[in-house]
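Undergrad: Next come the chains, spelled out residue by residue.
Number of protein chains: 4
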Amino acid sequence: MSATWGKKIRYTIFGESHGKGIGITIDGLPPGFEIDLAEISKEMARRAPGRSPLATARTEKDAFTIYSGFVNGKTTGTPLCAIIENLNQKSTDYEAMNQKFRPGHADYSGYIKYNGFNDIRGGGHFSGRLTAPLVLAGAIGKQLLLQKNILIGAHIQRIGSVSAPQFDTVTIKPAVLAQLNNQEFAVLDPLIVEQMQQCILSAKSAGDSVGGIIETAAINLPAGLGDPFFDSLESTLTHLLFSIPGIKGVEFGAGFNFAEMCGSVANDAIYNQDGVIKTTTNHNGGILGGITNGMPLIFRVAIKPTPSINIEQHTVDSKGENVMIVVGGRHDPCIVPRAVPVVEAVTAMAILDIL
Amino acid sequence: MSATWGKKIRYTIFGESHGKGIGITIDGLPPGFEIDLAEISKEMARRAPGRSPLATARTEKDAFTIYSGFVNGKTTGTPLCAIIENLNQKSTDYEAMNQKFRPGHADYSGYIKYNGFNDIRGGGHFSGRLTAPLVLAGAIGKQLLLQKNILIGAHIQRIGSVSAPQFDTVTIKPAVLAQLNNQEFAVLDPLIVEQMQQCILSAKSAGDSVGGIIETAAINLPAGLGDPFFDSLESTLTHLLFSIPGIKGVEFGAGFNFAEMCGSVANDAIYNQDGVIKTTTNHNGGILGGITNGMPLIFRVAIKPTPSINIEQHTVDSKGENVMIVVGGRHDPCIVPRAVPVVEAVTAMAILDIL
Amino acid sequence: MSATWGKKIRYTIFGESHGKGIGITIDGLPPGFEIDLAEISKEMARRAPGRSPLATARTEKDAFTIYSGFVNGKTTGTPLCAIIENLNQKSTDYEAMNQKFRPGHADYSGYIKYNGFNDIRGGGHFSGRLTAPLVLAGAIGKQLLLQKNILIGAHIQRIGSVSAPQFDTVTIKPAVLAQLNNQEFAVLDPLIVEQMQQCILSAKSAGDSVGGIIETAAINLPAGLGDPFFDSLESTLTHLLFSIPGIKGVEFGAGFNFAEMCGSVANDAIYNQDGVIKTTTNHNGGILGGITNGMPLIFRVAIKPTPSINIEQHTVDSKGENVMIVVGGRHDPCIVPRAVPVVEAVTAMAILDIL
Amino acid sequence: MSATWGKKIRYTIFGESHGKGIGITIDGLPPGFEIDLAEISKEMARRAPGRSPLATARTEKDAFTIYSGFVNGKTTGTPLCAIIENLNQKSTDYEAMNQKFRPGHADYSGYIKYNGFNDIRGGGHFSGRLTAPLVLAGAIGKQLLLQKNILIGAHIQRIGSVSAPQFDTVTIKPAVLAQLNNQEFAVLDPLIVEQMQQCILSAKSAGDSVGGIIETAAINLPAGLGDPFFDSLESTLTHLLFSIPGIKGVEFGAGFNFAEMCGSVANDAIYNQDGVIKTTTNHNGGILGGITNGMPLIFRVAIKPTPSINIEQHTVDSKGENVMIVVGGRHDPCIVPRAVPVVEAVTAMAILDIL
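Residue numbers (the numbering used here), protein chains in the order written: chain A, 4 to 358; chain B, 4 to 358; chain C, 4 to 358; chain D, 4 to 358.
Hints are not guaranteed to be accurate.
It does not matter which identical chain is used: a pair holds within one copy or between any two.
What the hints assert, rightly or not - In silico DSBU-like pairs for lysine-lysine, Cα to Cα no more than 30 Å straight-line:
| # | residue 1 | residue 2 |
| --- | --- | --- |
| 1 | K77 | K322 |
| 2 | K77 | K45 |
| 3 | K207 | K10 |
| 4 | K64 | K281 |
| 5 | K176 | K207 |
| 6 | K176 | K322 |
| 7 | K23 | K176 |
| 8 | K322 | K45 |
| 9 | K151 | K322 |
| 10 | K322 | K281 |
| 11 | K151 | K281 |
| 12 | K64 | K322 |
Just so you know, these hints were derived from the structure itself, not from any lab. These numbers were taken from a predicted model, which means no experiment stands behind them.
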């Protein structure tokens, strides 16, 4: 089901970038849970456009209205539907190129799939704007997980050629994750922030864009979550992660570095420390056999550079003619910073579903 | 659903390594399809253990019996159930350590999930042996896809520190994939085979194991397959890929290399060549917006070193005592070669489901 | 999934009777389909309250707004979300009895399920008002089915003790179904209409309510739709039918009369008439083995009397005290006439899903 | 998914009447549950053919083998697959008529659906024999439910024109249900048994068959189970009930009698008796708004007469020729008695899934 995901909690999204509005229906929330709406707004502001020269100039406050499932400040247990109206569409930015397929975008593949009937204004249903309802759902999810002491945090581990430190995978303090949640440009080493931003601005000034890597951790997950085979925790998480536009790779724990490791190094030795079962290393990122082992959940995602660039490119139009295109409009030179809360959000959505 | 996967075709697996048998029910196959059973056996032999010094000494012929859904050499359209009996179990190999959690295995996480009631002989339901039914299903899937001219092939791109060339992502000839399907140790450059095997044997002689990377391609996929968001082709494929024991990373096209790329390089320029829409590069691995664009589908998976090693390790037993363990029994020093047909198989299963 | 239904087309509903609005997301519609909005409004008017002395005095125009999935008069192929704002809530009608469980309603069962946190104003999420989005979805479905010449029509077969004729199950003319779709009080024999209405008004004047039976037919369904066992067409249809509040029985073809029949009578003899395979009778209601046989689909549903009555009843309040209740507010003395378009709608939804 | 059903527990069936075997995979059972295998055999014997002159002469012991998910007498928590081999096939009985569509059977609808490739020997996948795995799953389900004190029992309420008493819907004693479970020909009033059996034998001697009604009850279900709308308990239960071959109608509580009732009679008055919330009547069959209210769950199913009769009938063969058919082979003159444990079984399966 392309617009609905989840087994215990079901999330159904809808909307297009320049339509009347976008939204999400969340079914399966426990009744009587007091949602902190300000906290949702804060999370949505982390993702919202127009806040810095590092991001697109389109400003959307991303104010949401809850239509159902929420009475007197508490969930009812019936489906919660929240809608974000689109206010600052500038479709004229796109109209001129309605018929030219933007390289790196879903324009051509979407055209074929929908026989040319999909809404292409601003990317339509494929727009990164659709991640706003995911952040909303994730913000509720995070609040529910906090009740069980489960914390999620993500940081920018790489922008272009600029790398920042990774998590200490064995011990991650709650304060570290909390701080990442509050940082506008979340990096583990603050000294690297400026270097990364410079990298983005330099791409921007060249009319270009740049990619990066986000690393995420979740702590205090009890051991025993997830399933063998088709519903491994890795399967569940990546199913959602690869829903986020622009993500092209996911690795857990040591990930691709496992290729070079020996078993004697890769295996995380197990020990009992005062009644708590731990591992001395955490190369497996907290998951063994698709199931949590109580160690921090750790994974990284690769995000490709925003395909919208102000540089002339070769493409084809809907008549099949070979043409040139310069993608106008407002867009992000690097989507990575705004993707951080989105990755956190879907992580919360996934964990909530398997809990 | 942990044991059932798929929307148009549903696959349901069952079984344990040392139980009576393992199997799969495939529901949704078209009626009247003539299955080539010898071709299934050939695929299963590619995965089967005991064929070379590179793999475990457990020999299982992996002969299968079709119980239903198949009459007079053709599918009926009703559920096809195939069973592989377990013949060569040596549970004594494992008994001595029944109570010690093997590092890197699902022993501890499974123990918590199933309250200690899961079958732990030979890894039980977590065993790599459960990939045999997947190969069977994939072998049927490959035959169905071949009717639409869709070909799938995978090769070992890395073992430990030994790398082999990657696919030319823009043009992949059918003959290249066909050859990989017939190669016992599938590598794109035959000169590197010995080096890789040496790497495995050297780990084996040290009682250790080693990991690697498998690269997969599928060609002749029509444009327009897949969905935006929750059922992106990446989501669907990785959901299955992360079901395979030992896989810890998946990347499509340029994958993690996207992090360092500029949009002007990462974007695949589009052009029309004699009525066929192509891209000059294929950094996106054939998928844009979760939907195929007609270029070859390309992805790589990282496989961790087999956790079963003949080296003493620290661990905990089911009473919570800190103890030492040496994992006896027969096991693979490197699972990568035997995982090649498994990765191909789940690729076929996934493509069949979205077609 | 309680709020989401469907395999090829997914319907997700949300909302409460007295909340901000109710709505539905429809995912899986074909792209480029021209929806006749006036036709949707017409169907919704058939269900809407406040149109006659036979129904509740609450007037809701049930105007809908499409938020997504619909551009330039045509479907885009991405999720279509339509919302109906609640305008004429009179929650004061209900407040006095907030704590008394109305007999025959979901008040007590819902209270237990949601720990008392569900929205109880006007029945909340349990309200018959939630059938408005179903009618909207069904209206789109009917238009899509019409393209394949499939027609659906329902009529009131019984109100209280007043019975009307049933369909001729072997031959149903399209004009008969079309006329039922346009009738305000759909009965096969117009001479019985007044008698039925009298039955309703007499219950109303006594502060009481009355139940009934609706019979539905769908014609021109091709043979071969549906599945054996878990997705028999009967299973699929009744799953949706029993979602409609107040429905307590469903029977196909001869239904409960089969109990008294011999096989030699019950079996529908098959014959070939000018190349079309037909049956001489249609006791099976167009379904054999869960699969259509090309004959008209025929089923009947039993609808219980509206539980909201102006007669004092024994009940319990949320403190567990035995108390008396008189249900105030505006309500229907008989829900059957307004349920006719709802039954047609879910029939269209179900057929569309299996087509 | 036609061969897989369930959300928390997933059941996947496979097999054909005259193939190698039939079976079921049950995924989601709790680990460590001690299954009483003798109890399963007893339930299967209740359904098995060949035990009396009232049933088909085909004798199948219906012995089952558990392939997985069960070690040392206890469930492991991983998928349990059980297989029943087919031993007493007499396909010759059917061969002569391979090409003639049996009236009242799925022969024609199945032929169209599967393009003539489905296994038609003995009804193939459509055979009532496929209910054996359902009884097996239900027998496990009943044992699990018994732990929560939930009891299920069904009885023959009608055979042809012979009616037996219905349940007292307000108070059903556990002993009554237990006794029904142990009765070969389960009827609430033993004096009616002979009359019913006479009715069956008289149909048999005429080469004909007869239908009936089964009534089922489940007691001690906690209030609050089920969901509003798409997963109402009625929806869930009937989805499974209409999977059973031959069932053509389902009604809950007063069912079709609701049509004639007034709200003041139909509403079940609520009262608190020593801290237990009850209703004075139980016309709603224990379900309000799709959710249990703690009263006994009560429903009735209508079963059509076995379509296999020894009387010549008009039909069409696969070439489209109008021909006559006499269905040879061994078959039941009335499927109702053997359907009793099947109805109980799917009731257990459904309740287990929503618990």
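Undergrad: Give a verdict on every hint.
TA: Now for the hints, and whether the structure bears them out:
{"no.": "1", "hint": "K77 / K322", "in the structure": "between (53 Å within a copy, 21 Å between copies)"}
{"no.": "2", "hint": "K77 / K45", "in the structure": "within (19 Å within a copy, 36 Å between copies)"}
{"no.": "3", "hint": "K207 / K10", "in the structure": "neither (41 Å within a copy, 42 Å between copies)"}
{"no.": "4", "hint": "K64 / K281", "in the structure": "neither (44 Å within a copy, 39 Å between copies)"}
{"no.": "5", "hint": "K176 / K207", "in the structure": "neither (35 Å within a copy, 39 Å between copies)"}
{"no.": "6", "hint": "K176 / K322", "in the structure": "between (56 Å within a copy, 29 Å between copies)"}
{"no.": "7", "hint": "K23 / K176", "in the structure": "neither (42 Å within a copy, 42 Å between copies)"}
{"no.": "8", "hint": "K322 / K45", "in the structure": "neither (44 Å within a copy, 39 Å between copies)"}
{"no.": "9", "hint": "K151 / K322", "in the structure": "between (55 Å within a copy, 26 Å between copies)"}
{"no.": "10", "hint": "K322 / K281", "in the structure": "between (60 Å within a copy, 14 Å between copies)"}
{"no.": "11", "hint": "K151 / K281", "in the structure": "within (19 Å within a copy, 36 Å between copies)"}
{"no.": "12", "hint": "K64 / K322", "in the structure": "neither (37 Å within a copy, 44 Å between copies)"}
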